[in-house]
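**Student:** Take a look at the letters that make up each chain.
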Amino acid sequence: MPSNISGGKKNKNVVSGDLVQRARDGDDEAFGFIVETYRDRLFGLAVGILRNRTAAEDVVQEAFIKAHKNLKSFRGDASIYTWLYRIAVNTAHNHIRRARRAEEVDFEEVAPIIEAAGPNPAEKAANAELGEAIDGAIQGLPPRQREVFILHYFEQMTHREIAEILGVTEGAVKANFFHAVQKLKGALKTYVT
Amino acid sequence: MENKLKIRSCRKRQILLGEYVLGTIGERDRARFERHLARCARCRRDLVETEKTYRLLGNFELAKPGPFLAAKVARAVGREAQAAVPGITGERARADVRRWLRTPAFATVLAAASVAVVATVLYIKVWLPRAPEGVEGPAAGKVASAAKAEKAAEERLPFGPRTPRPEAVPPSETGRPSRETAAAEEPVAEEEGGFAAEAPYAATVPAEADKLATLEARAARPEAAPPAKGRRPSREIAAAGKAAATPPPAKEKGRAFAEGAYPATGAGEPDKLAARAPFMAAALPRDYAVSRGARDEMGRYGRAAANDVERGEFAKAEEKTLVAAEVEGWMDARFEADVERLTGDGAALVDYVTPNGSLMAYFYELSVDEQKTLLSRLRREAEAESAADLLLSY
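From first to last, the protein sequence lines are chains V and C.
If you want our numbering, it's the 1-based position in the first sequence plus 3.
If you want our numbering, it's the 1-based position in the second sequence plus 831.
Some hints here could point you the wrong way.
[What the hints assert, rightly or not] Within a straight-line C-alpha distance of at most 20 Å, the following computed SDA-like cross-link-like pairs (lysine to any residue) qualify:
| no. | chain 1 | residue 1 | chain 2 | residue 2 |
| --- | --- | --- | --- | --- |
| 1 | C | 895 | V | 192 |
| 2 | V | 177 | C | 895 |
| 3 | V | 188 | C | 847 |
| 4 | C | 883 | V | 129 |
| 5 | C | 895 | V | 136 |
| 6 | V | 69 | V | 22 |
| 7 | V | 192 | C | 879 |
| 8 | V | 192 | C | 876 |
| 9 | V | 188 | C | 892 |
| 10 | V | 186 | C | 895 |
| 11 | V | 188 | C | 887 |
| 12 | V | 177 | C | 846 |
| 13 | V | 192 | C | 862 |
| 14 | C | 895 | V | 120 |
| 15 | V | 188 | C | 854 |
| 16 | V | 192 | C | 883 |
| 17 | V | 186 | C | 882 |
| 18 | C | 883 | V | 69 |
| 19 | C | 883 | V | 120 |
| 20 | V | 188 | C | 889 |
[As the list claims (entries may be wrong)] The calculated label-pair distances, taken between Cβ atoms and stated as ranges, are:
| no. | chain 1 | residue 1 | chain 2 | residue 2 | range |
| --- | --- | --- | --- | --- | --- |
| 21 | V | 113 | C | 869 | 22 to 28 Å |
| 22 | C | 1203 | V | 195 | 29 to 35 Å |
| 23 | V | 114 | C | 861 | 56 to 62 Å |
[As the list claims (entries may be wrong)] Chain C residues, not near chain V, derived (Cβ > 10 Å throughout):
| no. | residue |
| --- | --- |
| 24 | 849 |
| 25 | 871 |
| 26 | 883 |
| 27 | 895 |
| 28 | 901 |
| 29 | 903 |
No lab work stands behind these hints, which were simulated from the structure alone.
Every value quoted in this text rests on a predicted model; they were computed, and no experiment measured them.
Glycine is no exception: its CB is placed at the ideal position from the N, C-alpha and C atoms.
The following block holds chain V by itself, in its conformation from the complex (with noise of 0.2 Å):
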């Protein structure tokens, strides 16, 4: 059996569900915590919805208000990473909508969706040419591709996970996981030895 092969080795539950609670009956500073937990990773999925850093900020920022706002109404049957996901998900869904309609976001200012890891500036300057390869071949995928590779790739979703968080059946995720991994298959031939 192969090894884990993956952007990041992440443990997603780490909110537990006494701090959820806490964070339901009114206690900033739990809500706090998960804000503190999930933010950087809920903006990592926004870049690669938005290709835009301004936007995945904006759109980060109105997720955790509406989570606030409606964190009474959160009942538990989902895990409190997949609730803020899908909120996400759907914020930068609307934002895109939104901003077709109003013809105003400048969607050509294309962010990269990936950074080179590790402390390691030198390293990191290796990795300049093949992360632009790697992000070139990750913007180029269909955007529903792009967000099921993104959260089962990097967010270590499972299939019924991300499933939930979009709206669409398992099925339609590892047909889309599939077709995602063979297009950067192709892309990256070159840097394939």
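Chain V is already provided as a structure; the job is to place chain C on it using the hints.
**Tutor:** Chain C in isolation, oriented as in the chain V frame:
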């Protein structure tokens, strides 16, 4: 045919490839996939390629936000929570009033009120002068009650012309009214809805720095005389009330969140702002009122208007809605004046910022140098979108 079936079978298995490499595949699927791998060279090749691709990707992670997102989220959530009242927001209140203004019920009420006013005026102006002089008893009573009715009707008119009251003249023309006069002018609290109990706005724009001492002193006296009924509340008091660096009341949950949930979220309260010296220290309370207090006030007026609508007090609701609009206009004017003072070119720059209240708030939370740099960059880059980006990048 056999070849086609094999390809289809491979395709079906390949869908599991990504999960298999990531190690997120289920036990049953893994066993099935490994059985397939054992007899399919094509899929084994594919597996090796996928692993290599994943190794490449493994050196990268999703983009990270800038250092200020934490503070922005905390502020935004705090502000929202502070402005939220169950079920009703300022915008919704205004929408309710606007909707009501379009209903037949409003037309009926307006028509009835107009008929009543016309009838009263006719009664006083036409019928009464015809009454013989020296009439006493019940007729004299009618004269007195008609005069009273006229006055009352005039006071009830939501949109009608009003005799300007001497105390409504802006202080910039008359000088600052004494504390006693101001206290006497303050409106009486409207018991229902607790509207006037909240820090209100005056009809005039605070302009001189010397007002601040008085205002702060007044704000520091929560036991001061309650506002007088029927009058628009004092805006200066709101500004000073917001400015007083007292801890927020327990009900202001949102602000408590912004302060408490995150360490060092940056400037967000008057004392923190003072440390960063935005604009000029003396003007700080006003600036704070412009940025956050004023918007809070708008929200309060909107909510109070919604309460009035629910109680059927539409004239009051309309008046409060108008006040909210007036406050908004005042904020824009104030901002323009400040930018003008900093750059000598206010009007050309404010349009980039004023349409967005939260951007205005951010501006007032910058230091003077940051404000100047921002304005000069705005002038150079002169695009509304980039203005928003610039402002939020601080």
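**Student:** Give a verdict on every hint.
**Tutor:** Okay, the hints, checked on the actual structure:
1. For the given pair, residue 895/C sits about 27 Å from residue 192/V by alpha-carbon distance, which is inconsistent with the 20 Å threshold.
2. Note on residue 177/V and residue 895/C: the hinted pairing is violated, with a Cα-Cα distance of about 27 Å set against a maximum of 20 Å.
3. Restraint check for residue 188/V and residue 847/C: satisfied, since their Cα atoms lie roughly 16 Å apart, inside the 20 Å limit.
4. Distance hint between residue 883/C and residue 129/V is fulfilled; the C-alpha atoms sit about 18 Å from each other, no more than 20 Å.
5. Straight-line distance between C-alpha atoms of residue 895/C and residue 136/V comes to about 19 Å, which keeps the hinted pair within the 20 Å bound.
6. Between the alpha carbons of residue 69/V and residue 22/V the distance comes to roughly 18 Å, so the proposed pair stays at or under 20 Å and holds.
7. Straight-line distance between C-alpha atoms of residue 192/V and residue 879/C comes to about 12 Å, which keeps the hinted pair within the 20 Å bound.
8. With a C-alpha separation of about 13 Å, the suggested pairing of residue 192/V with residue 876/C holds against the 20 Å cut-off.
9. As the CA atoms of residue 188/V and residue 892/C are separated by approximately 18 Å, the hinted pair is consistent with the 20 Å bound.
10. Annotation: proposed proximity of residue 186/V to residue 895/C is violated, straight-line Cα distance about 25 Å (limit 20 Å).
11. The suggested pairing of residue 188/V with residue 887/C holds, with an alpha-carbon distance near 10 Å, which does not exceed 20 Å.
12. Taking the CA atoms of residue 177/V and residue 846/C, the gap is near 6 Å; set against the 20 Å cutoff, the hint holds.
13. For a cut-off of 20 Å, the pair hint linking residue 192/V to residue 862/C is broken: about 29 Å separates their Cα positions.
14. With a C-alpha separation of about 10 Å, the suggested pair residue 895/C and residue 120/V falls inside the 20 Å cut-off, and the hint holds.
15. A distance of roughly 18 Å separates the Cα atoms of residue 188/V and residue 854/C; the hinted pair therefore holds under the 20 Å criterion.
16. Restraint check for residue 192/V and residue 883/C: the C-alpha separation of about 10 Å stays at or below 20 Å, so the hint holds.
17. Restraint check for residue 186/V and residue 882/C: the C-alpha separation of about 14 Å stays at or below 20 Å, so the hint holds.
18. Of the supplied pair hints, the one linking residue 883/C and residue 69/V is violated, its CA atoms being roughly 40 Å apart against a limit of 20 Å.
19. Only pairs whose Cα atoms come within 20 Å are accepted, and residue 883/C paired with residue 120/V is accepted, the gap being roughly 17 Å.
20. Between residue 188/V and residue 889/C the alpha-carbon distance is near 14 Å, which keeps this suggested pair within the 20 Å criterion.
21. The hinted window of 22 to 28 Å between residue 113/V and residue 869/C is violated, with their beta carbons roughly 43 Å apart.
22. A hinted range of 29 to 35 Å for the beta carbons of residue 1203/C and residue 195/V is inconsistent with their spacing of about 52 Å.
23. Evaluation of the 56 to 62 Å hint for residue 114/V and residue 861/C yields a failure: the beta carbon distance comes to about 37 Å.
24. With a cut of 10 Å on Cβ distances, residue 849/C falls inside the contact zone with chain V, its closest approach being about 5 Å.
25. Listed as a non-interface residue, residue 871/C keeps its Cβ farther than 10 Å from every Cβ of chain V; the least gap is roughly 16 Å.
26. At roughly 4 Å from the closest C-beta of chain V, the C-beta of residue 883/C falls inside 10 Å, breaking its exclusion from the interface.
27. In this structure residue 895/C is not separated from chain V by more than 10 Å, as the shortest Cβ-Cβ distance comes to only about 6 Å.
28. In this structure residue 901/C is not separated from chain V by more than 10 Å, as the shortest Cβ-Cβ distance comes to only about 6 Å.
29. The claim that residue 903/C is not at the interface with chain V is violated, since a C-beta of that chain comes within 10 Å of its own (minimum 6 Å).
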